[in-house]
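Trainee: Residues per chain are reported as follows:
There are 2 protein chains.
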Amino acid sequence: MEFELRILGSSSATPSTNRHHTAQVLTLGNQYHLIDCGEGTQMQLMQYKIKYQRICNIYISHLHGDHYFGLAGLLSTMHLQGRHTPLHLFGPPGLSEILSLQFRYSGTNLCYKLIFHELDTACFTQIFEDEEITVHTIPMEHRIPCCGFLFREKPKPYPLIKEKLPDFLTPPQLVRLKWGEDIRDAQGNVLVYHQEVTMPPKRSRSYAYCSDSRYRPELLPYLRHVDLLYHEATFTDEYRERAYYTFHSTARQAAELAAAAEVRRLLLGHFSVRYKDLTPLLEEAMEVFPATNLAIEGDVFSIQE
Amino acid sequence: MEFELRILGSSSATPSTNRHHTAQVLTLGNQYHLIDCGEGTQMQLMQYKIKYQRICNIYISHLHGDHYFGLAGLLSTMHLQGRHTPLHLFGPPGLSEILSLQFRYSGTNLCYKLIFHELDTACFTQIFEDEEITVHTIPMEHRIPCCGFLFREKPKPYPLIKEKLPDFLTPPQLVRLKWGEDIRDAQGNVLVYHQEVTMPPKRSRSYAYCSDSRYRPELLPYLRHVDLLYHEATFTDEYRERAYYTFHSTARQAAELAAAAEVRRLLLGHFSVRYKDLTPLLEEAMEVFPATNLAIEGDVFSIQE
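The listed protein sequences derive, respectively, from chains A and B.
Anchor point for the first sequence: position 154 equals 148 in this note's numbering, and the numbering is continuous, going up by one each time.
Anchor point for the second sequence: position 300 equals 294 in this note's numbering, and the numbering is continuous, going up by one each time.
Note: identical chains are not told apart, hence a pair may lie in one copy or across any two.
Straight-line distance between alpha carbons at most 35 Å, and here's what the computed DSBU-like set of lysine-lysine pairs gives:
hint, residue 1, residue 2
1, K270, K107
2, K150, K172
3, K45, K270
4, K148, K107
5, K270, K43
6, K148, K45
7, K196, K158
8, K43, K150
9, K172, K148
10, K150, K196
11, K107, K43
12, K172, K158
Simulated from the structure, these hints should not be mistaken for lab results.
Model the full structure from these sequences, guided by the hints.
Mentor: What follows is the structure, encoded as structure tokens:
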């Protein structure tokens, strides 16, 4: 399954000519998950030739405009282009009310089903599940209710080594071996150890999106060992105090969290407009956690199996 | 006084990679009037280096997203950048309610005064006046309440020809001459004809913005002799029926109105995404009214005195 993140925007509240407001597309298999939807997201989707009718779920972290002012426009365009597939929208309280009001005044009756899931942004909770993945909220600490999202592949089966399989195994027993169980007789004696007839399963990949937040070391248990961690890094560490009272983080803080959680790779984003050159943010983080990248418009991060 | 229109966007509801949603800046002297504010307008303002803190008035024609989804973002950015100057916002019923809801959920208390003027879109009414200009609504015929806007310079004084002025004239008499009155004695006999001591006044320039609408020949009295008429031209005339039932106009219809109203120049905009090449729209209009241009992003139309 493809597991790939595309950055559409990474600027903080004030945009600049070459940086767009926050939005990302996570491709999981043949489905697109859109994470946040700042103003201009539909133009960015077009720019990178991402077919937005293939978006199945949209996740909005919080109701600051730079994270959702592109949503009503995108939903309208999907409507105008005749979407029929239902769309799941996950967002904080208030989002549904705002959209309903906008659609009421524009006389819009969406031609597809928009299923709104109101989030409790204060909890780590599973909000979505299909055959292959789960999505959880990650509680952030921001000026208004805000959460991040953790995308995880479900555990994968242990591939069977055919030539090692004894002939007496029944199909249900084969399924149990694939999911890591040993096969026992009626008395509980092991007939087949699953380690002996299976290979280790492929890794279950994960992506954690930490939207606007103060530095929160208590997030650590949710982030441990994720393959890719996006964390906001609005400021360099010289503005640590400013970050604190504006409920944001510094690049160094993001890196400290990444290091403590032993993630594979860290992505910095949500850059303040004061940084024309983003190198200081990157360098600061890399001192603490070398496997760091900047989230730049158009960049793609693939997680291999 | 500078009288100049800058096009920021001209696409109809569905944007494309190189066409933005509707927005225009009308520069009148040293003030900017923003007309409609589709998604991405703040980025377009930056693109063309237009200082948006100099915008004094914003006019929203109607509540279809392609005409106002950039507004909340622009107002937020003005706030984040510390605007103090009051801002006048003219728009249809509902706009204020939508913005209030968005600002409530984002916890935003604007640091400048936003003065909302609710429009009666069904009337031709004066909605703004300063020393130099007036602005009127122009009623459109669209699926939802919608109006255009007519910007007109006020009549200008007759410049005095100093060497022709008799010595006996008092300052109040000079003012009356400047405004086109003759000077009479107590018995009503003309002492000085104003034509003999003044030059003709400079022209009063005008710009009419006709937003989304069915073809409305009844607009003619409002548009007569304007210097520049922007009229939507969503379709070519082969889609005249489609234009009618979607409450839009064709390029030919726009040109017919321009010709009948004897305007100086016609600007076509609000192009359907089906036209990758806009030449057919331009050619169709020019057959009826040769002084036609397309409203293309970045284009500037100056009206000389």
